[in-house]
Amino acid sequence: MSFLELKNITKRYGPLTAVGDVSLSVEKGEFVSLLGPSGCGKTTTLQMIAGFVEPSVGTIRLDGRDITRAKANSRGLGIVFQSYALFPHMTVFDNVSFGLEMQRVPKGERKPRVEEALSLVHLSPYAKRYPRELSGGQRQRVALARALVIRPPVLLLDEPLSNLDAKLREAMQFELREIQRKVGTTTVMVTHDQAEAFSISDRVVVMEAGRITQIDQPYRIYEHPETEFISRFVGKTNLLPGKVVTATGAGATVSLAGISVPVETAGLSVGETVTLCIRPEKLHLTAPAGGLLTGRVADRFFLGSQWLYHIDGPLGTLMVVTPNDGSTPAEQGAPVGLDWSPSVVRVHRGAMAEAPDVALEVTG
Amino acid sequence: MSASLPDTAPASPGEETPVRRFPTAPLFLSGPAALLFAALVLTPLFLTALLSFNQFDYATGRTGGFTLEHYLAVVTDEYYLEIFLRTFRISALATAICVVIGVPEAYILSRMTNPWRSIFLLVILAPLLVSVVVRAFGWSMLLGPEGPVNGALIALGIGRMKLLYSEGTVVVALVHVMLPFMVIPVWTSLQKLDPAVEQAALSFGASRATAIVRVVAPQILPGILSGSLIVFGLSASAFAIPGLLGGRRLKMVATVVYDQYLSDLNWPMGAAVAVILLAANLIIMLTYHRMVEGHYRRRLG
Chain A
103 MSFLELKNIT
113 KRYGPLTAVG
123 DVSLSVEKGE
133 FVSLLGPSGC
143 GKTTTLQMIA
153 GFVEPSVGTI
163 RLDGRDITRA
173 KANSRGLGIV
183 FQSYALFPHM
193 TVFDNVSFGL
203 EMQRVPKGER
213 KPRVEEALSL
223 VHLSPYAKRY
233 PRELSGGQRQ
243 RVALARALVI
253 RPPVLLLDEP
263 LSNLDAKLRE
273 AMQFELREIQ
283 RKVGTTTVMV
293 THDQAEAFSI
303 SDRVVVMEAG
313 RITQIDQPYR
323 IYEHPETEFI
333 SRFVGKTNLL
343 PGKVVTATGA
353 GATVSLAGIS
363 VPVETAGLSV
373 GETVTLCIRP
383 EKLHLTAPAG
393 GLLTGRVADR
403 FFLGSQWLYH
413 IDGPLGTLMV
423 VTPNDGSTPA
433 EQGAPVGLDW
443 SPSVVRVHRG
453 AMAEAPDVAL
463 EVTG
Chain B
95 MSASLPDTAP
105 ASPGEETPVR
115 RFPTAPLFLS
125 GPAALLFAAL
135 VLTPLFLTAL
145 LSFNQFDYAT
155 GRTGGFTLEH
165 YLAVVTDEYY
175 LEIFLRTFRI
185 SALATAICVV
195 IGVPEAYILS
205 RMTNPWRSIF
215 LLVILAPLLV
225 SVVVRAFGWS
235 MLLGPEGPVN
245 GALIALGIGR
255 MKLLYSEGTV
265 VVALVHVMLP
275 FMVIPVWTSL
285 QKLDPAVEQA
295 ALSFGASRAT
305 AIVRVVAPQI
315 LPGILSGSLI
325 VFGLSASAFA
335 IPGLLGGRRL
345 KMVATVVYDQ
355 YLSDLNWPMG
365 AAVAVILLAA
375 NLIIMLTYHR
385 MVEGHYRRRL
395 G
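Those protein sequences? They're chains A and B, same order as listed.
Residue 103 is where the first sequence starts when you use my numbering, and the numbers rise one by one after that.
Residue 95 is where the second sequence starts when you use my numbering, and the numbers rise one by one after that.
One chain only, chain B, in its complex shape (with noise of 0.2 Å):
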């Protein structure tokens, strides 16, 4: 934070002046927290890192030792590669087009007066009510080779499509579930903005569309990039939708680390795809997060 703030605007709650007579206590208050995540986050991460180095007997199916063929069968199989790069190409594609349909969508969500925006937010968090297993069957219901996708197809003339088991139907599913996760930032991020900013920019002779890019657009980036952050993080290890959508054939990183665990019991093999995962993300977000966060960071703090 620059040392030019303000007075006019509100102070942040971390600004406040420290509490100088107990210098322990900030370690005290987040201490409950900080050991709830060391025990249900850290630990398991650490032993299934430690897992993918240990070696697997297909024989027995015992584990123990020290090794990184694991590693090395992943990096150098093409097969793993080939899913690796779908199951980015799958969340990449699914996090533009949540952004194309989820940013305009909570700018309308935003320009809405009550009780409709009440309503609309409710209509946009009501599906993560239901469990995405069973949004997942619906899907398949409706996309099946006897669901009303193709019956209407049929009764177009166009005939029987083969829609289910597709790239195509695994992105469709997972921006229709992470769509929310892109809205609700987005829509956070609106709701910071002065409504007057708009209005300075009409009174300037904009457009309504170039008030929205030049003025709009670059300030709830911010939410855009939080946003993209949770739907590409969130696609890139989802399970339930493309196992269920993809079938056998089309394989996600997540259903494999599932394959690896219970139907080889190669625990090992299963760890180490899955700490790959978790290194690819995170080295993606990172990366994404720096591009445009970095360009951004001086002028809106």
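Isolated chain A, as found in the complex (with noise of 0.2 Å):
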């Protein structure tokens, strides 16, 4: 039996179903985060962990017991709220000390504790300071002192990092993984940035509309993503409509507006509607014909250690990725030839929808 077990969980406002029949288990010291774009439940479903939201179905299991209907402040997890919400008119040393005093720690056991959690975020010389004298990764640190002072047996992270600039957003991945790691707690993060997502946790949960989509460690996530909507919501992707002309045992034919494609999918029937799904790092730049595909740089982007292209070609406008290994990289306007292995290209039943929304805000 897993450490917390989500049953069934759902919650309903109105007619209005925030989280629909949620299932999720969660290893004992496992990092999981809940992904998706804003509005799919994600917090929701935290709130219903933590306790501040009752499910209206389902269960929560912690450590076997049945935590559904319990209090929050019955519960005893560790929480970093988005807005750290620490206590303004507390010293650090204070808002760590707190939850320690509501579990009755002796007086005496309570100093080396404090000390202990504040040394573990780096934050020991700032024990006197009121939270208004700190920046916001100080801030950050002592939301997440407080809430493991008291060796909580669930860590829950609310958008931990978005109120952070992107240099410090990193910085703090790496350090909130390491954390973890030391303490070992069982942590559940919600985030709807998928490169936090990925960097730290074991598993990934991706929620879509109320729902979970797809469950997955994060680079399977990335390489095998169950849904076009996830395709798009993770990472930039190059989505190509096609129709399956050859099918065989091991794999099959695509056309993709008249230029056949090979794939590995197996089980795909002759005539059928598909998408492909290839990411642009994945497509290489050749010679103009010695590829798959002939195009013409329309645009290109320096990203540093990468150049992002946008090459069109007979199939529209491609995104391609390429490392910057420090060769002069193609100009605008140049023809170019497009390659890609028929390992890399994922499959989806169907016709494309509608590009949603979401994959404008993606970033790579």
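Heads up, a few of these hints could be off.
[As the list claims (entries may be wrong)] Now the in silico label distances, taken between C-beta atoms and shown as ranges: (1) T329/A <-> L222/B: 56 to 64 Å; (2) L287/B <-> K130/A: 29 to 37 Å; (3) S176/A <-> P120/B: 28 to 36 Å; (4) V243/B <-> V159/A: 29 to 37 Å.
[Unchecked claim] Here are the simulated lysine-lysine pairs, DSSO-like style, with alpha carbons at most 27 Å apart: (5) K284/A <-> K213/A; (6) K109/A <-> K130/A; (7) K173/A <-> K256/B; (8) K256/B <-> K230/A; (9) K209/A <-> K284/A; (10) K269/A <-> K284/A.
[Unchecked claim] Computed footprint of chain A on chain B, listed as stretches where at least three residues anywhere in the stretch have a Cβ under 8 Å from a Cβ of chain A: (11) 117-123; (12) 283-292.
Hints in this document: simulated from the structure, not taken from any laboratory.
Just so you know, even glycine gets a beta-carbon here, dropped at the ideal spot from N, CA and C.
Could you fit the two chains together into a complex? Lean on the hints.
Here's what the structure looks like:
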């Protein structure tokens, strides 16, 4: 039996279903992220685990105990809020000590535990400061120390890094993971940032419109997105509509606007409408005649470690990402060829849906 | 303001870069209000202060010259001392009761969802639309010898009680009139509170009561402080309520000033009492402010 188990959790607000039939098992010591666009129900799910929202249907079990209807203040979970929710009228030390005080930990034992928690987040010199005298990143650490000091069975993180600037966010990602590894606390994080979810989670739960659409390891979600929505939401992708022209036991050939390309997906039937997903970094630029397709560089963007090309060709505009290996990049307007290996092509059955807005928000 | 303001906190309007091109602009912009304040508040106050040093001739009613006798009379006369003490006792009591009723009221109000919140906010504010005099007469009808309260007491077999013209009645009526002035500032500071802070306290195992006492209350202290100052100041200088519900014998400072001006026609004496009330009020409020606010300035900013 899993350590934290959500079974058929549903939350309805009147006619609106915020979370529908969510089931999730988290193992002890695991770091799981709930990933999805805003309004997908991930925060509501976290609030139900925390006990601030009561599920309409379903059960939540923690270490075998049913906590579905337990009050928030009896669950003993450590929570880091998006706004940090530090107590502004207390010093950093008192903020961290508050949870221990509520658990009636003897005074003599509190001090070393608070000091230990503060040193874990490298804030020992700031114990006497008030939250308003700290920077955003430091407040974040106080919130983390405050949640960890009570040695909670589960740590809940609600968009913990979204209020930090990009550089600090990246640094904190790694630090968060390092701290979580060190203390070994089972952690559930809510985020809308896929880079954040991928870099620090053991498993990622993708949520869409109140439902879980995929639970897997980060790289598997990236490489094998189960739905077209996920392939769009998670990273950049090229979506190519086509029709199956030949099918064998081991693969098939798909016609994309008259161009035949091989795929390795079995079980397709001839004449079926499919959508091919190819990640931009899986495409290679070749000499004009050397690839499966030919095209012309419509635009190119320098991203530092990579080049992002927009290639106009017979299939519309395709995105291509190549590593910046120091060589001269293809010029704008230059004819190029595009090549890829059949093994990188993911096939979704059915026609392409209208491009959702989320595709625009997402960064690579 | 400390220099380590976070970039996440919204900058308050006062902290924006000052416009350097028009160094006189602040003067011009604050000029009209300053003039109005000087003409309508400072001038009458100054004239009242001047008047309080004038001699008064009972025979002719003329004033003039310079004397400290009115101040001496007020300070040495136990009659005035008792009135001042009564005024501050009643005001302090009314303020304390306003805190006890108004703070939970504001908290409950802040936790309501619309449309109830708007409705109850209106209910709290609506009495302000009715004149204080009318509300005072309302109380005197309610509590009068033939009023419904005494009617109920008689029906219950307790018998008729003298309710009007007592300190208790004045306090009750003051609380009734002043309550909105306590609820509004407290409610405003509750609005600024991050709801997650209370959730955080709960998540660390605090009971709801502990969360309110340890986490919510200290953060709305500035609101309670300003509410108390408003209620105390208005109560100490209240005129209509003690005038109508305190009767002729239970005098407060404002009614004494009125009597001096209009019954005894001793304007300098009335002015002296008014100036002493102002000074005493200022001293009490500043001390209170210093005590409470100073304690929390560094923490809450």
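Hint check results:
Take T329/A and L222/B: their Cβ atoms lie about 58 Å apart, and the range 56 to 64 Å holds. Hint check: L287/B to K130/A, Cβ distance near 36 Å, so the stated range 29 to 37 Å holds. Range check, S176/A to P120/B: Cβ separation about 55 Å, and the 28 to 36 Å hint is violated. For the pair V243/B and V159/A, the supplied restraint of 29 to 37 Å is violated, since their beta-carbon distance comes to about 53 Å.
With a C-alpha separation of about 21 Å, the suggested pair K284/A and K213/A falls inside the 27 Å cut-off, and the hint holds. Proposed proximity of K109/A and K130/A is supported: the alpha carbons are some 17 Å apart, at most 27 Å. Using a Cα cut-off of 27 Å, the hinted pair K173/A and K256/B is violated, with the two alpha carbons roughly 51 Å apart. This hinted pair does not check out: K256/B and K230/A have alpha carbons roughly 58 Å apart, beyond 27 Å.
Distance restraint check for K209/A and K284/A: the Cα-Cα separation of roughly 25 Å lies within the 27 Å cut-off, and the hinted pair is therefore satisfied. Proximity of K269/A to K284/A is assessed by CA-CA distance (about 23 Å); at most 27 Å being required, the pair is judged to hold. Given as covered by chain A, the segment 117-123 of chain B fails the check, having 0 residues with a CB less than 8 Å from a CB of that chain where 3 are the minimum. Counting residues of the segment 283-292 of chain B whose C-beta sits closer than 8 Å to any C-beta of chain A gives 3, which meets the bar of three, so the coverage hint holds.
When the structure is compared with the earlier hints, violations turn up for hints 3, 4, 7, 8 and 11 and for no others.
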